[in-house]
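Construct the complete structure from the given sequences, taking the supplied hints into account.
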Amino acid sequence: MLQASPSPTSSLAARRPGARLAWIGQGFLLLLAAVVLYILITNFLKDPPLFIQVVLSGLQLGFVYALVALGYTMVYGIVRLINFAHGDVFMVGAFVSFYAVTRFQLHAWPAAVFPGLPAGWVVVIGSLTVVLLSMIVCMSMAVTIERVAYKPLRDAPRIAALITAIGVSFFLEFFGALYFVFSPRFIPYQRPFEVVTWYIKDGIHLVQVGQAPPPGSITFSNIFLIIVVASVLVRVVLQFLVRRTKIGKAMRATSFDKPTSRLMGINVDGVISVTFAVGAAFAGMGGVLYAIAYPSIWTQLGILPGLKAFVAAVLGGIGSIPGAFVGALIMGQAEALTMGYISTPMRDAVAFTILIVVLLVKPTGLFGEAAGEKA
Amino acid sequence: MRAFKLLSLLLVVAFVLSACAQPTPAPAPQAAAPTAADLKIAILAPLSGPVPTFGVMTRDGALLAIEEWNAKGGVLGRKIVPIVEDSQCTADPAVNAANKVIDQDKVKFIVGEVCSKASIPVSEIANAKKVLQISPTSTNPAVTVASDGKTKDYIFRACFIDPFQGKVGANFALQNLKTKTAFILLDQANDYVKGLAEEFEKAYVAGGGKVVGKETYTAKDTDFSAILAKVAAAKPDVVYLPDYYNIVNLVTKQAKEKGITAAFLGGDGWDSSDLDLKAAAGGYFTNHYAPDSTAPEAVAFQKAFAAKYKDDKGQGKVPDALAALAYDATNLLLTAIKNADSDDPDKVKAAMEAISFQGVSGKITFDAQHNPVKSATILKVTDTKVVFDSVVAP
Amino acid sequence: MELGFLILSIVKIVAILAYLYGLFWAMGHQNKIVKVAGIVIAFALIQLALTVKFGETQILNDFDRGLVFQACTMTMVALGLNLIYGFNGQFSLAQWGFYGIGAYTAADITYRWNVRDARGLLVAGIGVILGGLMILAVSRLVRRYKGMPVLSQFTLYLISCVLAGAIAVYIGNAINPALVPLFGTPDAPGILASPAVLQVVFLLAVLIAGAFAAEVSFLFGLPVLTLGSDYFGIATLGFAIVVQTLMVNTDTILPFPEMKGGRGMIGIPKLTTWFWAFLFLIIIIVVMRNLIYSSTGRAIMSVREDETAAKAMGIDVAFYKLFAFVVGSLFAGIGGGVYAHYIGFLSPGTFDFLVGFNPLIIVVFGGLGSMTGTIAASFGWIFFLEGLLRVLLSQLGTEAPTWRYVLYPIALLLLMLLRPQGLLGNVEWGFLKRPVAALQAKAAGR
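Residue numbers (the numbering used here), protein chains in the order written: chain W, 346 to 720; chain R, 6 to 399; chain C, 362 to 807.
Any given hint could turn out to be false.
[Claimed, not checked] Restraint ranges, calculated between C-beta atoms of paired labels, are given here:
(1) PRO502/W / LEU519/C: 34 to 40 Å
(2) THR370/R / TYR444/W: 43 to 49 Å
(3) ALA42/R / VAL488/W: 53 to 59 Å
(4) TYR444/W / LEU775/C: 25 to 31 Å
No lab work stands behind these hints: they were computed from the structure. A virtual CB, placed ideally from N, CA and C, is assigned to each residue, including glycine.
Below you can see the structure in the form of structure tokens.
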């Protein structure tokens, strides 16, 4: 990264005739941007409600990515490790909630314990318990993984830890696919609460089953609202944790300079474990929400959201919490709009092109701090 | 130079040793291992990789058939020994698996692979080595037909090829459902889905219907709302979604939540105990047999399958289309061996071409391109179960 | 039985390693006769093992033959990655994408040739040559305007390459009708349809495939290599994913109906023989070794050690990064060309980005920056995973094959925990050793 930002001084620029040719590249980018804008604007004008609908689905996707991206960005910020297993922790979160709901009826416990409780409270408390359980399981799993697989490699070359992360990821996927674990099936997920959809057209109305909303209306569901609220909440909690608490201070110090923070009496290993735990907890929560929104689960469901979330984290500037958030929203929009208006297969191409262009223009990502690569 | 001599000696020794490694898999080490009198049948299934669940079902269906034959005393008076290989639904591992069973285990009969992209390279090897292969579920015409248009002598399949199911679906949508407009959803990367969708489009347009839209997704997608928003805007009478149940579950659920009322129509990929009935209710799909069929073969198969395989709650598993086809494919092969009264692939191949077999998926004969000629069943999905709707003859 | 087989499988892996050791020992010998004889013997040993039969049994049957070929192509791909990552320090995940590009390019050329269409060879050949010339010309221009932003350079290169491609298509379409009669008809094959010509076309196709992959990697690497190392890794992963997406859509987004998109390309002539695989392998190994121990190689390694220091020494860091990336991709493209003609079937599933971690795992397995390690690990890895585990597990029952990919990551984890520097670390064998002796001799002569 040192090499990525040459920042020539003005006197140097005078001796470099090529600097005057920057317009070629800028023109190329402008052309690209113009084409994209043209496609978006014409499609918006053609059918505004459809456009808004597509944007809404992009938002939903983006907020789910944000939950995963936060864990990625925290872990990377501290140990500089692309934790490929993070997406599989996310998957485990979904499966834990699945077993909690279908096998143990955990979401219905308030009704069993307090028979008089109103149905609404039962659903809320029950679902929160399920989410909490998934978060706790994911947390303990991530800490175990960190202690067993990553910690012994802290002084080894970075690639060893990366390969280990890939190995852990493979292991979770394929071990999970054994019959006595999760089974390799695509399992229909039983939601702890029902999804209700509303449509907006002359006010907000409930969509009745088997009845199409009138043309030109925009639909949204309760799970969309829950995902948005949960992500924003997580973001606020995280901001508080990192900026206002002692452990947050320790995290920032560790990510800045590990040996020095150790000298300052910070328990670096403990801080790293806490970081993994916090990231995994949010991934677990993301896994449950993801499974509720897209109710079909299997052992490899974490790969792509994990990858996209990491791209989002890089896009926003790795190590930066608001960056991960914004990056995830951009990724969600890019995907939804490409799916809606360009062509679904080119979705990943568009997402990665955006990433490359952003990194070329701003090598540390949108919100990244210009820190060199340490450790 | 002395070192060189020493080294070449070492090399020769090493190679002699590795040569010894080869013949050893054949001799019998233990009682259960195959003896010369046993008939070995290889089952190639994607037990890991992108679609492990299909592989497991295929393996279970095939093993059930073999077990039943063994209970009846085997074939030609010989015990049947299955050799299961993981071929991962990908070309390279499938080729390795095929080479391994042919060259190491000296197998002459292969049941598999599930995916066309693995079956095609396997079929080239099997055909060149005169090993009889029957694929239960590979729908791509190129599995049994070489690139020069000639039928591969030793390759058969037990399922419909793409054109047939697509056509049946289109005719059903036009005539029975009386629809006029259709929307097609497909996964470009999945040859099965693509084949069905293309044929459906052709037949639907030829039959006077109108395709109002076509959208692609990828198998790893989970969020279909951007696509479904377009479906909702196009207001088709029927949506053709010829994918596997996992995608169907997601799409139909999200469609219901969006208030899309058009009927969904699909292919045999929908057949699974994991199909989300509430989400897919109101949909139809083409299949090989009806689960509520009273045909003795189908009833017996379902009972035997449930008795042999239990799910994690201890209840009998419900076989899906893949298990049924693997069961049929294995039975077809073994019946042909019995009819030929020989395990010589040439004779079995002739017997296979002349076979008329009553299986779970109906009466099967083979056409000139080694594709089965059998009728398709149309099933309707209701809130609680999948019921028989109608039969379409080939 | 299982135990006996396990021992014999290990013997087989050891035999392969001994074979490689012998090969490199002979190649590194000072005596030219030993050198040539060693290579010929090494070639002949496997060739004989593949062909000679003792009654029913063959020393290397078709199962092993497949493994040997896969190991060869994997070695080419992994060596390229080792150059990029092990020697140059650029964490690339795009290698699998270049492998796929090479495979599809070479396959298209020979496939078209087989159906009496010379356009594949003409367009790809002319396009690659023109593209190369254009890149050279533009690079002169770029050098004159020092300090041109990377994005502007990229735009210029892109325009010139697209132009080269257009011209190649035009010329190819113009020349093709003149060549078509020379193919003759299926009943009376013309001069171009003879097997000997097909072999030459195959050779050209593999080389063109490599060159094409190299040019694509140049265009892609130019802007992307300016990113930081992990950012570069993610961008290259994106590249591998996009390449696979394009493969799925070769018949819809790209104009190649004969590749059949996700249905898989069939009808590619199976031309890869042990001779070709061995030839390309040896060429790549020799080129790689000579490159590493040249001054260019030292510059490449200096970039890995410390970019700032390298820059201070007057090394053009950006150039050497790009150079290593392009050469590494060239190897991958050649590997892809060889692979495409081995089973005669290509499908996008083979080039999935998850499988693309394999070369990286192999390079780390063998030891970063060790050519011997990469080569030995490629062979050992294939023979372990596809050879040993597959055969062993299938004997343990019908449920056991599902355990293959559970055992594999465990082995990976154990290796990383016990030996994070890779199996062979910095060890090099025979020919691949730093040619100190030769240098000393030269110094003495002076």
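Which hints, by number, does the structure contradict? none
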